[in-house]
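In the order they appear, the protein sequences are chains U and W.
Quick note: the first sequence uses the numbering used here, first residue 1, plus one each step.
Quick note: the second sequence uses the numbering used here, first residue 391, plus one each step.
Source of the hints: derived by calculation from the structure; they are not laboratory data.
Below, a list of computed lysine to aspartate or glutamate pairs in the EDC-like style, where the Cα atoms sit at most 16 Å apart:
#1 LYS372/U with ASP41/U
#2 LYS392/W with GLU115/U
#3 LYS2/U with ASP644/W
#4 LYS392/W with ASP254/U
#5 LYS452/W with GLU39/U
#6 LYS372/U with GLU295/U
Every beta carbon over 10 Å from chain W, so not counted as near; a handful from chain U, in silico:
#7 ARG31
#8 GLY161
#9 PRO282
#10 ALA293
#11 ASN307
#12 LEU308
#13 HIS328
#14 ARG361
#15 LYS372
All C-beta atoms in this analysis are idealised placements derived from N, C-alpha and C, irrespective of residue type, glycine included.
2 protein chains.
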Amino acid sequence: MKYAARLGRITPFRVMELMERAKLLETAGHRVVHFEVGEPDFVTAAPIVAAGKRALDAGETKYTQSLGIPELRRRIATYYCELSGVDVSEQRVVVTSGASAGLLLLTALLLNPDEELLMADPGYPCNEVFVFLVNGVPVSIPVASNQDFQLVPRDVIDRWGAQTRGILLASPANPTGTMLRRETLRDLLTVVNERDGFVILDEIYQGLVYDDAADYRTGLELSDELFVLNSFSKYFGMTGWRLGWMVVPQEAVDPLARLAQNLFISPSSIAQHAALVAFDPPAMKIHEARRAAFEKRKILLQAGLENLGFNIPVNPSGAFYLYVDVSHTGLDSTDFCWRLIDEYQVATTPGIDFGDHDAGRYVRFAYTTDEKSINLGLARIREALTDWGT
Amino acid sequence: MKYAARLGRITPFRVMELMERAKLLETAGHRVVHFEVGEPDFVTAAPIVAAGKRALDAGETKYTQSLGIPELRRRIATYYCELSGVDVSEQRVVVTSGASAGLLLLTALLLNPDEELLMADPGYPCNEVFVFLVNGVPVSIPVASNQDFQLVPRDVIDRWGAQTRGILLASPANPTGTMLRRETLRDLLTVVNERDGFVILDEIYQGLVYDDAADYRTGLELSDELFVLNSFSKYFGMTGWRLGWMVVPQEAVDPLARLAQNLFISPSSIAQHAALVAFDPPAMKIHEARRAAFEKRKILLQAGLENLGFNIPVNPSGAFYLYVDVSHTGLDSTDFCWRLIDEYQVATTPGIDFGDHDAGRYVRFAYTTDEKSINLGLARIREALTDWGT
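Input sequences plus hints: build the corresponding full structure.
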């Protein structure tokens with residue numbers, strides 16, 4: 001059978017094979033330490049689960065409005081006010097089946113074939129697939145540690161061409177955990193605006209921030225013309241429910257509604273009703289406790305790896321990832337990951353899954369596992385380094 | 391802001407405006423009869439709801455495998471055996487976030503820009519949007535009542551061109567409720583196979599069948615090379631959960647997994663765990679009782695409309711729709727629908743929402759409302775016809 005050409009451009013995630021290996025090891029009775037998992041290890045907070053069950057009891061099992069139930073759009077708008085005092089009209093809030101659906105709607109809305117979207121390398125690996133879907137061209141721009149692994153205005157100025165339509169930013173970013181500084185974001189907005197382009201800002205790790213480096217809470221403080229992607233998956237711990245949202249410019253709401261009606265009908269009714277309580281104090285208290293747990297783990301893992309001689313060039317402000325330079329081991333990062341899982345039952349994600357730029361140098365460690373496991377993982381890595389003589 | 395060209399090709403559903411009007415009328419205290427709604431009026435069956443709640447209690451709130459949890463893929467495969475004795479490998483079952491996600495995955499897999507997908511007019515209006523998404527060309531072929539509003543081999547032979555890649559069929563179909571005969575399906579498969587094309591068969595109304603006209607239960611009885619779309623929304627009454635599935639040729643599973651990982655991550659964990667019991671006797675008994683209720687409503691509405699002089703050219707075998715010729719009223723179908731909602735508070739969907747072919751003649755009536763409402767609707771239409779002097 002002949003498949004569409006875009007299939008040839010989608011590379012499988014290396015980490016999937018690695019996870020297969022991890023599963024085999026576990027089946028054989030080994031204890032595996034998981035630093036590869038991109039979702040919180042916590043189950044959804046009890047108040048949200050309870051709200052989901054109430055929604056089921058109340059028979060909320062039908063299609064909803066394509067853009068989401070009005071109560072949830074309103075609650076999200078209010079959340080922005082609580083978070084940073086920014087005034088977001090509920091009309092601009094679009095509830096989606098996960099941030100994935102949001103990004104799909106945006107590439108569908110904004111990109112014709114052969115039009116370019118600029119993005120950082122390293123970055124979230126699925127981003128370019130949404131561009132391939134609509135036959136656009138993802139332009140990956142190498143971003144170095146000295147620019148916090150984030151796009152800077154100079155990158156955009158240099159790479160903007162006749163076919164370029166916009167840029168995709170992420171803050172905090174996956175796999176690096178770094179945030180865009182307010183000043184950088186402001187300048188990027190100016191540069192793109194001068195070129196009549198659009199800016200998509202991925203804030204799906206919003207809330208999972210661990211220091212005061214962040215001098216803003218959301219890009220919406222800076223502009224109403226941004227397309228902001230968000231999710232109930234990470235800070236709100238609702239991965240399996242598949243729910244996210246966007247805040248978009250007012251004029252984009254109607255065309256997005258037309259796309260959403262046709263492509264998704266509606267997000268999950270149950271997830272939407274459950275998410276209504278995600279911003280209220282009982283759930284927020286749990287989310288904050290989890291954020292604190294992530295922060296402790298971050299400090300533990302970061303110090304542990306640095307003690308072992310690993311370089312983490314940018315102290316990540318958020319998400320639950322460390323992007324770790326493993327070059328002092330003398331191993332390419334993919335080899336490093338394979339030897340670590342095969343010989344020491346520690347699972348990590350090689351840089352190659354996030355792009356090409358310096359990918360052989362870096363490994364992503366996710367601290368989505370408890371402190372005991374982190375300590376066990378560190379001990380095993382210490383042993384590995386000794387055995388390997390690095 | 392400049393949007394992608396595909397946006398210009400997506401026409402809003404006329405029925406959305408009509409539903410807005412209906413809502414206004416209801417807010418003003420009027421009782422509206424709803425013949426426009428494309429989802430069952432029943433809430434999800436209690437055993438499925440209970441399983442959803444158990445899944446929540448068990449903490450099933452995380453991402454799952456992209457193709458669905460193995461237990462559900464296996465259960466769906468078994469269902470085909472129970473349904474028609476056909477042997478479907480669980481490996482070929484792909485669980486999706488609604489049939490919408492399934493169709494999106496298929497157009498992403500199978501269509502390059504400018505490649506054509508043949509489909510019937512009238513048909514499900516969103517189909518062509520999935521083709522526009524990937525910059526393909528939907529080719530709508532007028533299908534007449536004398537061919538059961540379904541594609542026949544001659545249509546495909548006549549319209550197949552250098553850029554044509556496949557055909558999309560639906561049985562039972564929306565908006566007509568008609569089924570493809572086994573012989574027609576077999577011949578269509580042969581014709582497409584001779585042209586190295588693919589066949590997508592939408593079976594999302596499977597189970598909602600009311601007569602013995604169907605001489606097969608699933609297209610999978612005829613071929614392993616079909617892409618079959620299915621859904622938990624209609625017969626299984628799970629619209630708001632957003633869950634569906636596909637059965638695909640074995641060789642297509644891996645490329646679809648790559649697409650699904652990137653574009654959707656996974657379907658809802660809660661919906662999947664709930665759906666596990668959808669095929670078991672306690673839930674099936676409820677689904678069957680609802681099927682029987684739909685059948686009674688169908689007979690009532692069909693006879694009532696025919697008594698009022700409306701022509702329903704093909705007796706629909708399935709789904710919950712009647713595609714009704716309103717030409718004897720002297721009104722164009724869109725005018726008919728607007729006058730009916732404005733003057734008599736009866737909501738229906740004009741043919742124009744399903745294509746161009748004879749659209750001015752036809753109106754879709756959905757019997758997703760109870761018998762009392764159907765009788766009230768019929769009485770109001772009788773009054774309308776008298777008042778209008780038709």
